[in-house]
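Numbering of the sequence shown is given in numbering that gives the first Met the number 0, commencing with residue 0 and proceeding in unit increments.
Source of the hints: derived by calculation from the structure; they are not laboratory data.
Cβ atoms here follow ideal geometry from the backbone N, Cα and C, with glycine treated the same way.
Keep in mind that the hints are not guaranteed to be accurate.
[Unchecked claim] Straight-line Cα separation of at most 20 Å, EDC-like style, residue types lysine to aspartate or glutamate; simulated pairs:
# : residue 1 : residue 2
1 : K74       : E53
2 : K165      : E139
3 : K74       : D63
4 : K165      : D188
5 : K165      : E130
6 : K74       : E52
7 : K74       : E61
[Stated by the list, open to error] Restraint-style ranges between C-beta atoms, simulated for each label pair:
#  : residue 1 : residue 2 : range
8  : Y177      : Q98       : 29 to 37 Å
9  : G80       : D27       : 16 to 24 Å
10 : G116      : G160      : 30 to 38 Å
11 : P179      : P60       : 34 to 42 Å
12 : R32       : R150      : 34 to 42 Å
13 : R138      : Q98       : 31 to 39 Å
14 : E82       : N181      : 32 to 40 Å
15 : A66       : Y177      : 19 to 27 Å
16 : R169      : G80       : 32 to 40 Å
17 : P60       : Q98       : 15 to 23 Å
18 : R176      : I101      : 18 to 26 Å
19 : N181      : P60       : 20 to 28 Å
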Amino acid sequence: MQADTLRKSQAVAGLVLAAGFSRRFGSDKRYARLGTGQTLLGASLVLPSTLLEEVWVVLRPEDDSAALGVPAQVKVIRSPGAELGMGHSLASGVQRVSQMTIASAIAVFLGDMPWIGADSMGYLLALASPEHIVVPTIREQPGHPVLFGRRFWPALQSLTGDAGGKSVLRANPQAVRYLPLNDLGMLRDIDTPGFVE
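All chains should be built: construct the whole structure from the sequences, respecting the hints.
The following block contains the structure:
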């Protein structure tokens, strides 16, 4: 599976959404330090940076990417409409990525999920296709990242508000592949300071 994962990694681009405002956290959680000393965002970028040839992160215009722990090899996309919701950030991110890569699918990660397993990602990447949307499920709950085939990128680019990509899944049920996995890291995000400790 390792060789297959390496081959697939060049066919899948990574997009990490990290332009949110951490309203439930109480402060900017992207700067929160984990036990490793990494920022939450920096830790969440480790896996995509390791497994994927091309990775972008969506930030707000005023963000200091170095202070946030963004690795040098990760490309930064600034989303001027970040305050309008995740849909705007996702749309601006996919628009930029579509101009910069020939990848056949895009893996959409959240910037507050540092515990996704590499093996789980390998299984997910093996199903990537330009004609499908691949959703990991854990205990019948949808997780992240979600892989969107290139066919669906125009729909992602038209998103607005805070809806994210769920509307694209609902509009294309025949194209969605669900992959059952046993990886709680694909569900577990950090919304309160207690989760960091």
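Here is how each hint holds up against the structure:
The suggested pairing of K74 with E53 holds, with an alpha-carbon distance near 8 Å, which does not exceed 20 Å. Only pairs whose Cα atoms come within 20 Å are accepted, and K165 paired with E139 is accepted, the gap being roughly 16 Å. Between the alpha carbons of K74 and D63 the distance comes to roughly 13 Å, so the proposed pair stays at or under 20 Å and holds. Simply put, K165 and D188 have alpha-carbon atoms about 18 Å apart, close enough for the 20 Å limit, and the pair holds.
The hinted pair formed by K165 and E130 meets the criterion: a straight-line CA distance of about 17 Å does not exceed 20 Å. For the suggested pair K74 and E52, the alpha carbons sit about 11 Å apart, so the restraint of at most 20 Å is met. Proposed proximity of K74 and E61 is supported: the alpha carbons are some 16 Å apart, at most 20 Å. For Y177 and Q98, the Cβ-Cβ distance of about 30 Å falls inside the hinted range of 29 to 37 Å, so the restraint holds.
Take G80 and D27: their Cβ atoms lie about 18 Å apart, and the range 16 to 24 Å holds. For the pair G116 and G160, the beta carbons lie near 31 Å from each other, so the given range of 30 to 38 Å is met. Hint check: P179 to P60, Cβ distance near 39 Å, so the stated range 34 to 42 Å holds. Separated by about 40 Å at the C-beta atoms, R32 and R150 satisfy the suggested range of 34 to 42 Å.
Taken as a hint, the range 31 to 39 Å holds for the pair R138 and Q98, whose Cβ atoms sit roughly 38 Å apart. One distance hint, 32 to 40 Å for the beta-carbon pair E82 and N181, holds here, with the actual separation near 37 Å. Taking 19 to 27 Å as the suggested C-beta distance range, the pair A66 and Y177 does not conform, at roughly 38 Å. Judged by the Cβ atoms, the range 32 to 40 Å given for R169 and G80 is violated: they are separated by roughly 23 Å.
Checked against the hint of 15 to 23 Å, the C-beta distance between P60 and Q98 comes to roughly 19 Å, which is consistent with it. A C-beta distance of roughly 22 Å is found between R176 and I101, which places it inside the suggested range of 18 to 26 Å. For N181 and P60, the Cβ-Cβ distance of about 39 Å falls outside the hinted range of 20 to 28 Å, so the restraint is violated.
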